[in-house]
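Asker: If you're matching them up, the sequences are chains R and V in order.
The numbering of the first sequence is this note's numbering, which starts it at 1 and goes up by one.
The numbering of the second sequence is this note's numbering, which starts it at 1 and goes up by one.
None of these hints come from the bench; they were simulated from the model.
Keep in mind it's a predicted model, so treat the numbers as computed, not measured.
Any given hint could turn out to be false.
Said to hold, decoys possible - Taking lysine to aspartate or glutamate pairs in the EDC-like style, the calculated list, with each CA pair at most 20 Å apart, reads: (1) Lys141/V <-> Asp333/R; (2) Lys141/V <-> Asp252/R; (3) Lys137/V <-> Glu127/V; (4) Lys137/V <-> Asp333/R; (5) Lys410/R <-> Asp391/R; (6) Lys141/V <-> Glu118/V; (7) Lys130/R <-> Asp108/R; (8) Lys393/R <-> Asp370/R; (9) Lys374/R <-> Asp228/R; (10) Lys137/V <-> Asp252/R; (11) Lys364/R <-> Asp402/R; (12) Lys141/V <-> Glu125/V; (13) Lys364/R <-> Asp417/R; (14) Lys185/R <-> Glu127/V; (15) Lys5/R <-> Asp228/R.
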Amino acid sequence: MSLEKPNLRLGVMRLTDCAPLVIAKERGFFAAEDLSVELSLEASWANIRDKVVAGILDGAQMLAAMPVAATLGLGGISRPTIAPLSLDLNGNAVTVSNTLYGLLENADLSQGSRPIRMAMALARLVDEGKRSGRAPFTFATVFPFSTHNYELRYWFASAGINPDEDLNLVTIPPPQMVAQLEAGKIDGFCVGEPWNTLAVQRGIGTVAVANYSIWNNAPEKVFAVNADWAAANPRTLQALLRALIQAGRWIDQPENRVETVHVIAGESHIGVPTEAIASSMTGQFQTRVGGEILSVPDFNVFFRYGAGFPWLSHAEWVVTQMYRWGQINAPLDIRRIAENVYRPDLYREAASSLGISVPACSRKTEGTHDTVWKLDGTLGPIEMGPDLFMDGKTFDPDRLVDYLRGQTVKNLRISLDALAQYNR
Amino acid sequence: MLIDEHPERARVLEEVLRCAGYAVVLRATGKTDLAAQVRKTNPDVILIDMESPDRDTLEAMHTLTREQPTPVVMFVDQSDSESIQRAVRAGVSGYIVGAVSPDRVKPIMEVAIARFREFQSLRDELERTRSSLAARKNIEKAKGILMKRRGMSEDEAYQALRKLAMDRNQRLEDVAVNVISISEYL
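Isolated chain R, as found in the complex:
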């Protein structure tokens, strides 16, 4: 049967994890599915959302939290949006100015892993700042509804820092991060690659933590379309998903990483030197010029560990964070939101047709595996990655409200008792 809409326009941002879309186009995975795709480089996440809502783009790379926000109408108009595919896991880091890093090193008196020590050091500086009346540090993320925002806040909160009271948080588009750090407008940022590495290579900043160590194999970007669009173009959507899954699988073969870096670095895509992208994509992450190299082989995961599967539990974690930081003030059925927005059924259909084993369940507990583990799949076991949180907490999708109760630092705008009535 023929495709409903063979000519498509898809939106991407200037970030390393636009790779599955770019590779699907440049390596012919779209063409093999009879799709002719034009990639539209967008300047802002708001633009991506609005253009997908308005039907100017057929689909786009989105932050994992964006389809939820668009469906609920948070920060913009409301339009049901779905995520039938996760584009990647991980990929972010927290970079601070060299000045702040120097202060953090001096205040680094705790034991434990790097993210714990760095967060404790920052908490000490925040306390000192309050006593001496110094202006709070300013940190930037890329969008209010982003894993960057939630991971960065998770990191702060782990050391008792309340980001909304103790710090100044701002939003800056990824390509402007480095310049703003250099100009001293911000003290640090959390962003995807290549912008951390670029700050490091230009001698402007130092990577404090790779987000991988805040939450191992955390959800990152998704491929999203309008729910209406998906209903009107079911065969086209399946063709798109097959092409993107195959592109992700191709990128995750180690021998293809260097070529991927060269393709996406070009002026028509990310437009930065290949060295800026290579370090994270090959898992050798440099924290500062001439400084420590962190070996993070899973810095960018596009296919392994069931990376493409849009876990309902990932969407549910995102919604708990929206509550945690006061982005939602109405009691809602969190599981139903996740089921409406994340669509593992559509992923299963596409992946199964490619002979790829898919999880039979749609939710999983996070924070219980410190090493690679096996998950039952429809066509044999699936190798899954570690999923620990830096503070050792567990996320159980069957106990969402309890999870929120267990977070010490939170800025709720609704009582958890009221929320619990909708989430039994």
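Dock chain V against chain R, hints included.
Answerer: Same frame as chain R, but now just chain V:
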């Protein structure tokens, strides 16, 4: 306030706005600290290029800090006019298509501001309706619990809730939520 990466175009647009009776308090690009500038100049309306990366910064100011929102009018180059018409039909925002004359700018700005106010008041109303509906449901439920567990009549249950609310200086709906949550452990 006008945000545009292209100084030439910004100058033309500013001139057009001036002729239409608007004063541009600030012409900005992404190199400036946008949040601080908005706070300082407190503009009546913000005009921004739809393709400007600063849209995310602007949006976050409204969603994260919950500051008094300001109407935003987006503008685009003429080549993209079909896109913007679709965006407007979808309700994204007010718009101005490039190379406009002063007599066309004024109505667009006025419509955008009016629509923004309408949208704000609709949203406030929705918020109020939603919370009062939820409150009523909770009160009904709490009454039901008291009637069943304490053998009260409906009126007695309601009076008991009211008394609790007055004694504790709480709102009736908060007391209702407490009763419901405690009942789980009874």
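Asker: Can you give the numbers of the hints that this structure goes against, from lowest to highest?
Answerer: 2, 6, 9, 10, 12, 13, 14
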